[in-house]
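Just so you know, the sequences run in chain order A and B.
If you want the working numbering, it's the position in the first sequence, counting the first as 1, plus 224.
If you want the working numbering, it's the position in the second sequence, counting the first as 1, plus 224.
These are calculated hints, taken from the structure and not from any lab test.
Keep in mind that the hints are not guaranteed to be accurate.
As the list claims (entries may be wrong) - Only pairs whose alpha carbons sit at most 27 Å apart, straight line, appear in this in silico DSSO-like list of lysine-lysine:
1) B/Lys669 with A/Lys669
2) A/Lys227 with A/Lys535
3) A/Lys253 with B/Lys669
Protein chains: 2
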Amino acid sequence: MEKTDVLVIGGSAAGIVAATTGKSFYPDKKFMVLRKEENVLVPCGIPYVFGTLANSEQNLVPDAGLKNAGVKLEIAEVTEIDQQNKIVKTADGKKIGFEKLVLSTGSTPAGVQWLPGSDLENVFSIPKNKTYLDQVKIKLEACNNIVVIGGGFIGVEIADELGKTGKNVTIVELMPHILSLAFDEELAVRAEEILEARGITIKAGQGVKEISGKDKVKGVLLNDNESIKADAVILATGYRPNTKLAEVSGIKTNDMNFIKVNEYMQTENPDIFAVGDCAEKYSFLTRTLKGVMLASTSCAEARIAGANLYKLSRVRSFGGTIAIFSTVIGDTAFGAAGVTEVIAKERGFEIVSGIFEGIDKHPGTLPDTKKQIVKLIASKKSGVMMGGEVIGGQSTGELINLIGFAIQNRMTVDAIMTAQIGTHPLLTAPPTAYPLIKAAEIIMKKQQEE
Amino acid sequence: MEKTDVLVIGGSAAGIVAATTGKSFYPDKKFMVLRKEENVLVPCGIPYVFGTLANSEQNLVPDAGLKNAGVKLEIAEVTEIDQQNKIVKTADGKKIGFEKLVLSTGSTPAGVQWLPGSDLENVFSIPKNKTYLDQVKIKLEACNNIVVIGGGFIGVEIADELGKTGKNVTIVELMPHILSLAFDEELAVRAEEILEARGITIKAGQGVKEISGKDKVKGVLLNDNESIKADAVILATGYRPNTKLAEVSGIKTNDMNFIKVNEYMQTENPDIFAVGDCAEKYSFLTRTLKGVMLASTSCAEARIAGANLYKLSRVRSFGGTIAIFSTVIGDTAFGAAGVTEVIAKERGFEIVSGIFEGIDKHPGTLPDTKKQIVKLIASKKSGVMMGGEVIGGQSTGELINLIGFAIQNRMTVDAIMTAQIGTHPLLTAPPTAYPLIKAAEIIMKKQQEE
Numbered sequence: 225m226e227k228t229d230v231l232v233i234g235g236s237a238a239g240i241v242a243a244t245t246g247k248s249f250y251p252d253k254k255f256m257v258l259r260k261e262e263n264v265l266v267p268c269g270i271p272y273v274f275g276t277l278a279n280s281e282q283n284l285v286p287d288a289g290l291k292n293a294g295v296k297l298e299i300a301e302v303t304e305i306d307q308q309n310k311i312v313k314t315a316d317g318k319k320i321g322f323e324k325l326v327l328s329t330g331s332t333p334a335g336v337q338w339l340p341g342s343d344l345e346n347v348f349s350i351p352k353n354k355t356y357l358d359q360v361k362i363k364l365e366a367c368n369n370i371v372v373i374g375g376g377f378i379g380v381e382i383a384d385e386l387g388k389t390g391k392n393v394t395i396v397e398l399m400p401h402i403l404s405l406a407f408d409e410e411l412a413v414r415a416e417e418i419l420e421a422r423g424i425t426i427k428a429g430q431g432v433k434e435i436s437g438k439d440k441v442k443g444v445l446l447n448d449n450e451s452i453k454a455d456a457v458i459l460a461t462g463y464r465p466n467t468k469l470a471e472v473s474g475i476k477t478n479d480m481n482f483i484k485v486n487e488y489m490q491t492e493n494p495d496i497f498a499v500g501d502c503a504e505k506y507s508f509l510t511r512t513l514k515g516v517m518l519a520s521t522s523c524a525e526a527r528i529a530g531a532n533l534y535k536l537s538r539v540r541s542f543g544g545t546i547a548i549f550s551t552v553i554g555d556t557a558f559g560a561a562g563v564t565e566v567i568a569k570e571r572g573f574e575i576v577s578g579i580f581e582g583i584d585k586h587p588g589t590l591p592d593t594k595k596q597i598v599k600l601i602a603s604k605k606s607g608v609m610m611g612g613e614v615i616g617g618q619s620t621g622e623l624i625n626l627i628g629f630a631i632q633n634r635m636t637v638d639a640i641m642t643a644q645i646g647t648h649p650l651l652t653a654p655p656t657a658y659p660l661i662k663a664a665e666i667i668m669k670k671q672q673e674e
Numbered sequence: 225m226e227k228t229d230v231l232v233i234g235g236s237a238a239g240i241v242a243a244t245t246g247k248s249f250y251p252d253k254k255f256m257v258l259r260k261e262e263n264v265l266v267p268c269g270i271p272y273v274f275g276t277l278a279n280s281e282q283n284l285v286p287d288a289g290l291k292n293a294g295v296k297l298e299i300a301e302v303t304e305i306d307q308q309n310k311i312v313k314t315a316d317g318k319k320i321g322f323e324k325l326v327l328s329t330g331s332t333p334a335g336v337q338w339l340p341g342s343d344l345e346n347v348f349s350i351p352k353n354k355t356y357l358d359q360v361k362i363k364l365e366a367c368n369n370i371v372v373i374g375g376g377f378i379g380v381e382i383a384d385e386l387g388k389t390g391k392n393v394t395i396v397e398l399m400p401h402i403l404s405l406a407f408d409e410e411l412a413v414r415a416e417e418i419l420e421a422r423g424i425t426i427k428a429g430q431g432v433k434e435i436s437g438k439d440k441v442k443g444v445l446l447n448d449n450e451s452i453k454a455d456a457v458i459l460a461t462g463y464r465p466n467t468k469l470a471e472v473s474g475i476k477t478n479d480m481n482f483i484k485v486n487e488y489m490q491t492e493n494p495d496i497f498a499v500g501d502c503a504e505k506y507s508f509l510t511r512t513l514k515g516v517m518l519a520s521t522s523c524a525e526a527r528i529a530g531a532n533l534y535k536l537s538r539v540r541s542f543g544g545t546i547a548i549f550s551t552v553i554g555d556t557a558f559g560a561a562g563v564t565e566v567i568a569k570e571r572g573f574e575i576v577s578g579i580f581e582g583i584d585k586h587p588g589t590l591p592d593t594k595k596q597i598v599k600l601i602a603s604k605k606s607g608v609m610m611g612g613e614v615i616g617g618q619s620t621g622e623l624i625n626l627i628g629f630a631i632q633n634r635m636t637v638d639a640i641m642t643a644q645i646g647t648h649p650l651l652t653a654p655p656t657a658y659p660l661i662k663a664a665e666i667i668m669k670k671q672q673e674e
């Protein structure tokens with residue numbers, strides 16, 4: 225029987241990072257990744273396969289990273305984990321022994337079995353599966369009218385990419401606005417305006433009654449009985465964790481069906497870790513269970529698990545997801561971290577928010593200067609940072625990470641307001657009106673007026 | 225006699241921010257800015273007046289910011305401060321009373337009076353003076369061979385901008401590499417390679433013996449007796465604080481001739497504050513006196529002074545400069561924060577560094593993907609972050625700010641390695657190989673091997 229020291233099941237972002245970080249911390253140990261799929265797609269790159277990228281080949285995670293790190297990679301599906309004897313069994317009858325195990329089995333589209341017509345031809349979901357998605361791409365080429373159900377990040381990105389190829393695209397979203405888990409209304413509205421200006425139709429605050437058609441999709445019927453013509457429907461209605469393997473192997477899952485883990489990313493069995501979309505998550509701020517699935521969260525968990533495999537030498541723990549998102553619509557970028565104002569209030573937090581609109585270069589006469597809008601949400605009395613939302617240009621991705629760092633470090637708006645921020649004409653907002661700082665200042669002014 | 229509550233002397237970045245922040249915190253007080261110059265140039269934008277921007281009109285700080293904030297602006301030069309009676313006198317004989325005073329008198333080119341030929345025609349410095357710089361721009365149009373003395377940020381930026389207009393430009397730098405206060409050798413070399421590929425000649429490790437010519441510049445003679453042909457010379461040899469007004473008014477300056485201030489930005493007179501280029505600075509990390517002049521530092525100081533004017537209600541203090549720089553050469557951006565490896569070692573710190581080279585989008589097949597290199601410097605035993613250097617694309621400006629936040633929060637490499645970082649294909653490096661995190665991981669591995 226083959227034996228390895230550390231076995232990682234699943235080879236997408238979380239699995240790769242758990243294995244490579246682990247190998248880096250424990251170079252003398254043998255590491256092996258078992259992966260079901262022949263190829264792994266860059267998960268966040270999937271929407272771009274439908275427009276910006278020529279094909280899914282351009283969106284593959286290279287295997288070289290694992291090999292260069294000295295991690296063995298095998299393609300196999302694990303069907304059972306024998307916790308007692310520390311052995312896994314694969315679908316083709318192989319057995320592999322391990323000392324430490326990491327579960328990074330990922331997630332699968334949640335599906336909408338309850339929705340009439342969801343089994344019609346040309347109703348597609350977006351699994352992280354190259355073969356399936358290659359088929360979807362080919363089939364969509366013959367379709368002109370496409371309805372995307374779900375206005376979260378995946379739905380919005382796919383809609384925008386399909387719009388780029390000249391399709392007539394409609395997003396249907398149940399909540400009053402798209403992207404509403406990440407953005408408060410005043411920023412979500414900007415995203416809607418940009419999408420609409422790019423020719424995308426948005427039906428927000430609208431449920432779907434049925435997908436109509438005989439064999440093939442003909443249209444989508446909304447709750448208010450409006451009917452939208454459609455040659456294809458894309459379900460962007462979220463994902464569920466892949467936990468079947470854990471369940472059949474006696475590894476505990478939580479009420480939301482994620483694998484239960486502690487802050488060190490260990491399951492109840494201290495030699496078995498779980499990371500990424502399949503692993504239980506709490507919100508860093510609200511401390512409620514979360515179903516959020518993000519590469520940022522997954523990779524942080526995976527690095528912690530990798531470092532903790534053989535010894536908990538530095539109390540490296542995962543304090544809960546801050547849910548740092550970013551995306552691009554047209555040439556405008558959007559980022560969010562922490563909680564929105566709406567969610568904070570729902571959970572009973574007394575908060576205060578500030579919003580500032582500036583520019584992302586300076587002077588504004590420089591070519592390619594874009595608007596930059598920053599909204600911050602902070603605890604009312606303590607001023608501790610709880611959330612941030614950004615609209616801007618190319619620098620938005622790192623600016624939202626900066627806000628994420630502020631939240632992780634429990635910085636107060638006071639500390640933000642007096643922080644040192646490097647600025648450069650071609651790279652950032654002006655030092656005199658840096659939107660992050662100005663938003664903090666607005667919050668402090670509000671605090672003072674109380 | 226006119227009377228105001230808060231009087232700010234100087235109307236560039238630090239003065240504007242001190243006044244507007246102050247007005248925001250103390251809306252019932254009357255604020256006034258006295259400014260010597262008719263127009264204020266965006267200081268960091270000055271190099272771009274010589275290439276990217278059509279003229280200096282495009283690089284003016286709008287006065288609207290002050291007016292909208294309710295701050296009165298007057299053009300006048302203050303010649304004396306009567307501390308006893310809380311009155312300033314202006315060059316045109318006016319007297320203005322104040323309760324609180326902020327000195328933000330800025331800086332002036334240091335000059336090279338010791339250098340033979342420095343008074344020849346077509347030897348220019350780069351003061352923050354629109355009229356002078358407009359003249360320089362016109363005169364440079366007739367020059368083909370230009371020597372820039374000094375390879376710091378201003379020298380490099382001006383050289384690159386002049387190169388864009390087709391001039392034959394040489395940078396002469398005394399240190400072995402350009403930008404060496406901000407970057408260690410391995411990164412400074414990249415900047416040199418890019419400049420050279422763009423047609424700029426670099427003479428590093430070279431002192432200037434004299435600027436030659438009769439009335440007008442003919443050339444520059446280096447210490448090794450090499451002679452470089454030149455129609456014009458630009459002195460980018462640093463700035464000295466404008467502290468004459470403070471000195472004649474009995475306000476203390478330090479050994480480097482900056483106005484002495486405490487961490488609340490107060491001079492010895494608690495009603496008089498000083499901020500920006502004219503104010504004393506310590507290094508956040510090495511605790512040595514610094515002559516660094518940066519908008520990032522200035523504006524942080526100004527915000528602190530503005531908030532502290534009437535009450536030190538929250539112990540808002542300036543902990544020393546982190547010296548966050550960023551710049552762009554061609555289409556490659558450079559950023560630095562904290563101390564370099566060389567400087568840390570010189571000051572006796574036991575440090576460990578890590579460098580990682582990745583990409584700034586993912587997958588790398590996406591259009592406009594650039595290399596991203598991150599070097600981190602940390603305290604050897606504690607892992608506390610001491611410095612960072614970045615080369616990359618458009619996101620470099622905020623990425624170096626992220627590193628700045630990590631330094632300000634005294635984050636350890638451990639905390640960086642396990643931090644949550646949002647990623648997006650079009651905006652950031654991949655989550656599996658995010659250079660900031662990987663550089664931290666390399667440091668931790670080195671720590672472990674000790």
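Honestly, which of those hints from before does the structure not fit? 1
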